[in-house]
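Given the coordinates of chain P, work out where chains F, Y and S with the ligands should sit on it, guided by the hints.
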Amino acid sequence: MQTIVQTVARTLAEEMRRDDRVVVMGEDVGKRGGVFLATEGLFDQFGPDRVMDTPLSEAAIIGAAVGMAVHGLRPVAEIQFADYIFPGFDQLVSQAAKLRYRSGGIFHAPMVVRMPAGGGVKGGHHHSQNPESHFIHTPGLKVVYPSTPTDIKGLLKTAIRDEDPVIFMEPKRLYRAIKEDVPEDIEFTIPLGQAKVLRQGTDLVLISYGGSMAETSKAAEELAKQQISAELIDLRSLMPWDKETVLKSVARLGRVVLVSESPHTLNFMSEVSATICEEILDSLLAPPIRVTGFDTPYPYAQDREYLPGPNRILRAVQKVLEY
Amino acid sequence: MQTIVQTVARTLAEEMRRDDRVVVMGEDVGKRGGVFLATEGLFDQFGPDRVMDTPLSEAAIIGAAVGMAVHGLRPVAEIQFADYIFPGFDQLVSQAAKLRYRSGGIFHAPMVVRMPAGGGVKGGHHHSQNPESHFIHTPGLKVVYPSTPTDIKGLLKTAIRDEDPVIFMEPKRLYRAIKEDVPEDIEFTIPLGQAKVLRQGTDLVLISYGGSMAETSKAAEELAKQQISAELIDLRSLMPWDKETVLKSVARLGRVVLVSESPHTLNFMSEVSATICEEILDSLLAPPIRVTGFDTPYPYAQDREYLPGPNRILRAVQKVLEY
Amino acid sequence: MIADTQNFKPFNPDPIAVLSQSGDWIAPFALTLDDETLKTIYKHMLAARLLDERFIKLQRSGKMSFVAPHSGHEAPQVAAAHAISKGTDWLFPYYRDYAMTLALGQSVLEILAQTTGSRLDTAKARQMPMHPGSKTLNIFTGASAIASHIPPAVGTAISMKIRETGQAVLTSFGDGATSEGDFHAAINYAGAKGAPIVFLCENNRLAISVDFNKQTGSETIAIKAKAYGMPGYLVDGMDVLACYYVLKECVENARAGLGPSLVEAQVMRFGAHSSADDDTVYRSKEELELMRQRDPILRMRRFLEKQGLWSDKAEEKFIKETQLAFQTALDTLAEAEKVPLEWMFDDVYAELLPHLAQQKKEFLG
Amino acid sequence: MIADTQNFKPFNPDPIAVLSQSGDWIAPFALTLDDETLKTIYKHMLAARLLDERFIKLQRSGKMSFVAPHSGHEAPQVAAAHAISKGTDWLFPYYRDYAMTLALGQSVLEILAQTTGSRLDTAKARQMPMHPGSKTLNIFTGASAIASHIPPAVGTAISMKIRETGQAVLTSFGDGATSEGDFHAAINYAGAKGAPIVFLCENNRLAISVDFNKQTGSETIAIKAKAYGMPGYLVDGMDVLACYYVLKECVENARAGLGPSLVEAQVMRFGAHSSADDDTVYRSKEELELMRQRDPILRMRRFLEKQGLWSDKAEEKFIKETQLAFQTALDTLAEAEKVPLEWMFDDVYAELLPHLAQQKKEFLG
Ligand SMILES: Cc1ncc(C[n+]2csc(CCOP(=O)(O)OP(=O)(O)O)c2C)c(N)n1
Ligand SMILES: Cc1ncc(C[n+]2csc(CCOP(=O)(O)OP(=O)(O)O)c2C)c(N)n1
Ligand SMILES: [Mg+2]
Ligand SMILES: [Mg+2]
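Residue numbers (the numbering used here), protein chains in the order written: chain P, 1 to 323; chain F, 1 to 323; chain Y, 1 to 365; chain S, 1 to 365.
Treat the hints as calculated values from the structure; they're not laboratory data.
Hints may be right or wrong, so weigh each one.
To be verified - When the alpha-carbon atoms are kept at most 25 Å apart in a straight line, the in silico SDA-like pairs for lysine to any residue are as follows:
1. Lys361/S <-> Arg21/P
2. Lys243/P <-> Arg205/S
3. Lys135/S <-> Phe107/P
4. Lys319/P <-> Gly105/F
5. Lys9/S <-> Glu219/Y
6. Lys338/S <-> Gly105/F
7. Lys214/Y <-> Arg205/S
8. Lys338/Y <-> Phe107/F
9. Lys63/Y <-> Asp303/P
10. Lys9/Y <-> Asn12/S
11. Lys135/S <-> Ile106/P
12. Lys360/Y <-> Leu281/F
13. Lys196/P <-> Glu351/S
14. Lys31/F <-> Ser284/S
15. Lys338/S <-> Leu314/P
16. Lys360/S <-> Arg21/P
17. Lys31/P <-> Asp211/Y
18. Lys86/S <-> Lys225/P
19. Lys360/Y <-> Phe107/P
20. Lys9/Y <-> His355/S
21. Lys218/P <-> Thr245/P
22. Lys285/Y <-> Asp295/Y
23. Lys214/Y <-> Arg21/P
24. Lys243/F <-> Arg60/Y
25. Lys338/S <-> Glu305/F
26. Lys360/Y <-> Arg304/F
27. Lys122/P <-> Lys285/Y
28. Lys214/Y <-> Lys135/S
29. Lys319/F <-> Ala251/P
30. Lys31/F <-> Arg205/S
31. Lys122/F <-> Ala329/S
32. Lys361/S <-> Leu247/P
33. Lys360/Y <-> Ile280/P
34. Lys319/F <-> Arg21/P
Bound conformation, chain P alone (with noise of 0.2 Å):
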């Protein structure tokens, strides 16, 4: 049994044993173990020269990994939280995502960029954010964010042995909230671009990932209680994503609620949503709808509130159920 978090350090001490080129890079990584411990154990077991704790800046952080990638390490990069990605952005759209491409493909960047994100923990305006859309809208990036100690792990190796810049979110207000028996077996991966569907239902289709799917697979098993039976799907792998696990799903049901916490507009869910009316609009028996953050800063004191929690998931089944 172990909790998010731990799969995080435990994933890393593995695939840092099984590859050399592994390298783990940070604020605060090294001695500290990371702030949520994400890299515990990882200096003692490796030295500085493989988990190397960083100066104050995200622009060196993901450049260096960059350059790092290039010349044939596979740096694992921690932004302590995913709200300070920004001042490393630059870095990431116009270094990280198209190197490649802009190549020819005689250069690329096999990286991972790690990030605990989500509200939720009393952390205000900057510990709070969800910045998935800015990743998903960046050609070149691909983006996970899984939600259980099991995907994490067969998620995060495959991140690792990807050739592209991975971005790698973690529910951090799930950090230690779950724990499971997780795969021992060091050659346990999840392909990127496949969801999980968690509950098979007949009345509707509730989709969600990363922290969210806390709230809305509560509100699953409210609805359960109710006689209500809601098909579950965790995407998971936000770019690529699985559009056809979700077509299939809301094409015989007819009837979808789309959860995400980062702010209403331009929400990944808009991409769900419009996809989906834009495939199979005529299996629709009722609208899309987005149950998402609100289109504010993340505040502090309505920490909880902010969040879509079950049950705001729940008047939308509702809304969905009577349309």
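Using the frame of chain P, we list chains F, Y and S with the ligands on its own:
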């Protein structure tokens, strides 16, 4: 008769004369008059304290503009190409956008960030992009992207007089492509959040904004020749955007094609499409189709082909009509 | 007033000090501060220390969600507040600067209202603790992103310069902050513009757990001023009067049109980085013990006592008064109503935009 | 080999020169380069100048969409190519560096294929002109965003260091680039790490139209090295041999584990910023005239002639050969097929992701 780029310079001059708190800043905006001449003549008229060449740092430009605004100035900052917003992106997201909210309204940053955007000028990766999704997804920023000299004048004035940070995107491939008479009234303003119906139609709705208005208008004309009557809407303002006008037209005609040249996934039109489906699903006679840029970095060799040109728009229209 | 101190030498390899560890005046110039001011400076440091201790208690008891203790940083912070002109000059502080805002005159109620996320917070409880701000005191409300307040600070200073308002800006930050691009972009712009601003680095040689020698290759922060064409001063950050004299000179130079300066105050972080940190993982108890012997409050107290300006009795009395003031503020806060839910939707823009009005309506029902 | 030059002093206020304007050897140490190398260095500069002139012609005739002329920058660029170990060390150049890539051995065909957006471009015509790159020569393909190549350059150098590969990196950029946060973040990290990298600033005192004194408050770029704990060298950028000796020493120091250095070569931009610029708006003809008298090619030619290594005849012959090589390359390019439309969709990722496959299919029908 004046072009878009001339209108920018003249409007800035008018506003600077009207309000001596208005200052212009950016790379090469001084003697050089801006690399596109959008600030031509200002340095001679207003001198180095109101028309400031800055060091080559977008973070310094955006960040200093915030500080100037807080202290009572009304800075209009130029980012030389929209593509170069990213080194200053954190200042936009963490400082400009959130200042009013985080301070409970005791501080705010009335400022304008102007930037030429869009492709079709043989500019490759970094002189062609349309980063509006990044801005629109950032609560606290207002975003406009006009497409005619008249709208440029009216909206730039409104932006400068607005109490919040406004991202003012200019369609650079239209800078000198259109000439028209522009209202001379120095009080001529256009409110943010109002779309413009350019053409009434009876068969379907075509919606676009910014540079892509040119191709979309061309498509509408082409359709007219074929006796197909398209209602043509220029959104002009993207945050806030004119949902009412869009929903009214689409509800009436039931068919819509959405055109915007930024990458497909999480293009602003994803939001428009998702909103249409959520709010007026039953009026739809066909799925809303998005005609967009591709999910690749902006290519050099296929500079024109990347853009959603009239042919691709017409193909989508056909699909929507034949549905 | 500080005419005879106008000759601090920039780029001195030894930190500037005016008080010895035992509280003797060791400067080559005469003390110019009057007794009241000296006592006030001391009281501000002591009150700030007590506030820090109270913060920690409040955090442990769940009344504050987070604290970044400032103990060990009091000297440059209090000195900065005294070096600028209150309500005229502007302050762009960072999260660890409560000795600064307190000394500038921010009320304990206002401070605690923010740090406890109360309805009485003038910033409407929008941010986590450790984000001070004040309209009347010209304290810019910062964001959590390290160094991101420095470019706005420079913008304000440029505005002061081009409008010749005669004001100055002081902005502070840690050693870690100097690695960020924003620090560089901003201080470089200030240097090119000759803007009236003082950059104060509170160098505690740690960024959470990261040692100074992993942060940068330079031996000091002060030397970095060379990159920007401005003077850089190295100051003993445990000597409040040294900090005061140097900062005062820099502020006056800024106001006089002589441009910006960079001041490095060498301080020591007595506590963990924050309540979320466990510093025993990366530093030893012994190290900490040694640090505490250089306590800036002790040094100033010794000085005052030698001047006959302070006593155990005065200390006791002041502590009692201060704790009482804390308690009064906490009592007021305890009576305050809850933060209204609907505040979540205000102040995103000057007006409530239609989509937010819709979200608000749907949410509040 | 350059043992007796190992003592260039960093932070010298006068730029290091080894040749006088009239081509005399004025260094305090003896010349160590053999005649062939000296001639090669000269030929590289001359060929680069001819290439620049050809670029401009190609741009005017519509065959190139854009050019940023490098005339006046040849000395540090050619010197850099000679200072590093070809195919072993890595180069992270910027857009104005064609004298550097040419001297390093990038073929004229490869260069022109990129700058004319041909199907023969090894980078598949993905970027506008002025973006060189080469896998075999370890030339990193940069982006247009100023200074954004510098953090990756440092990453590569750190990789070399932790894996002890014995390689070094050289990265170049303009004076304007030093204002960007990326420059700072990167060079600071290199300083803290002691990474084997040489930072070469080609300081032409202009960023498009913006004068150096608006760019920064420091008098030189070299002095900025102080902020990062590394040596900074000021070099006469119109003296190719001075550039060579200094850069060579820095590269060897990097390789020897002595850490990074910053070299400022004071150059002059003879042309407009680019084909999109009109520099008469912000500088005078007279200024330009004076600059041209300090032409780095002239100075080196005078030196070679005095050594009896060069003549009008040799010059003529070399120019003819070079122009012929250009023409041959252009002829090859003229015969190349058009860039395939479908290339637009490749290389976004290692594999063609489903959504891109769909977009490709819909587009190509
Ligand atoms: C851009 C950004 N990156 C990372 C963090 C996380 N973080 C908060 S404080 C801190 C260390 C700051 O160190 P320093 O600047 O030296 O100040 P000190 O806390 O030592 O006073 C870090 C890394 C942040 N707040 N912002
Ligand atoms: C991030 C970014 N901002 C702005 C530009 C536009 N731009 C291109 S070149 C240039 C000037 C560069 O000057 P410098 O670094 O001195 O190099 P030089 O051209 O003088 O050799 C500018 C502002 C850019 N390419 N990237
Ligand atoms: Mg510190
Ligand atoms: Mg330059």
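Tested hints:
1. Lys361/S <-> Arg21/P: violated, 37 Å
2. Lys243/P <-> Arg205/S: With Cα atoms ~53 Å apart, Lys243/P and Arg205/S exceed 25 Å; violated.
3. Lys135/S <-> Phe107/P: holds, 7 Å
4. Lys319/P <-> Gly105/F: violated, 35 Å
5. Lys9/S <-> Glu219/Y: OK: Lys9/S and Glu219/Y at ~19 Å, within 25 Å.
6. Lys338/S <-> Gly105/F: Between Lys338/S and Gly105/F the Cα gap is close to 57 Å, so the pair fails against 25 Å, i.e. violated.
7. Lys214/Y <-> Arg205/S: violated, 32 Å
8. Lys338/Y <-> Phe107/F: holds, 23 Å
9. Lys63/Y <-> Asp303/P: holds, 15 Å
10. Lys9/Y <-> Asn12/S: Status holds; Cα separation ~21 Å.
11. Lys135/S <-> Ile106/P: Distance ~6 Å between Lys135/S and Ile106/P Cα, so the pair holds.
12. Lys360/Y <-> Leu281/F: Given pair Lys360/Y, Leu281/F holds - Cα atoms ~23 Å apart, limit 25 Å.
13. Lys196/P <-> Glu351/S: holds, 22 Å
14. Lys31/F <-> Ser284/S: holds, 13 Å
15. Lys338/S <-> Leu314/P: Status violated; Cα separation ~57 Å.
16. Lys360/S <-> Arg21/P: With Cα atoms ~35 Å apart, Lys360/S and Arg21/P exceed 25 Å; violated.
17. Lys31/P <-> Asp211/Y: holds, 11 Å
18. Lys86/S <-> Lys225/P: violated, 71 Å
19. Lys360/Y <-> Phe107/P: Violated, because 48 Å separates the two Cα atoms, which is more than 25 Å.
20. Lys9/Y <-> His355/S: violated, 63 Å
21. Lys218/P <-> Thr245/P: Holds - the C-alpha atoms of Thr245/P and Lys218/P are around 22 Å apart, at most 25 Å.
22. Lys285/Y <-> Asp295/Y: With Cα atoms ~16 Å apart, Lys285/Y and Asp295/Y stay inside 25 Å; holds.
23. Lys214/Y <-> Arg21/P: holds, 22 Å
24. Lys243/F <-> Arg60/Y: violated, 48 Å
25. Lys338/S <-> Glu305/F: With Cα atoms ~14 Å apart, Lys338/S and Glu305/F stay inside 25 Å; holds.
26. Lys360/Y <-> Arg304/F: Measuring from Cα to Cα gives roughly 43 Å; hence the hint is violated.
27. Lys122/P <-> Lys285/Y: With Cα atoms ~30 Å apart, Lys122/P and Lys285/Y exceed 25 Å; violated.
28. Lys214/Y <-> Lys135/S: violated, 32 Å
29. Lys319/F <-> Ala251/P: Between Lys319/F and Ala251/P the Cα gap is close to 20 Å, so the pair holds against 25 Å.
30. Lys31/F <-> Arg205/S: OK: Lys31/F and Arg205/S at ~16 Å, within 25 Å.
31. Lys122/F <-> Ala329/S: Status holds; Cα separation ~23 Å.
32. Lys361/S <-> Leu247/P: Roughly 20 Å between the alpha carbons, so the hint for Lys361/S and Leu247/P holds.
33. Lys360/Y <-> Ile280/P: violated, 31 Å
34. Lys319/F <-> Arg21/P: Answer violated: Lys319/F to Arg21/P is near 50 Å, above 25 Å.
Checked against the numbered hints given earlier, the structure breaks hints 1, 2, 4, 6, 7, 15, 16, 18, 19, 20, 24, 26, 27, 28, 33, 34 and satisfies all the rest.
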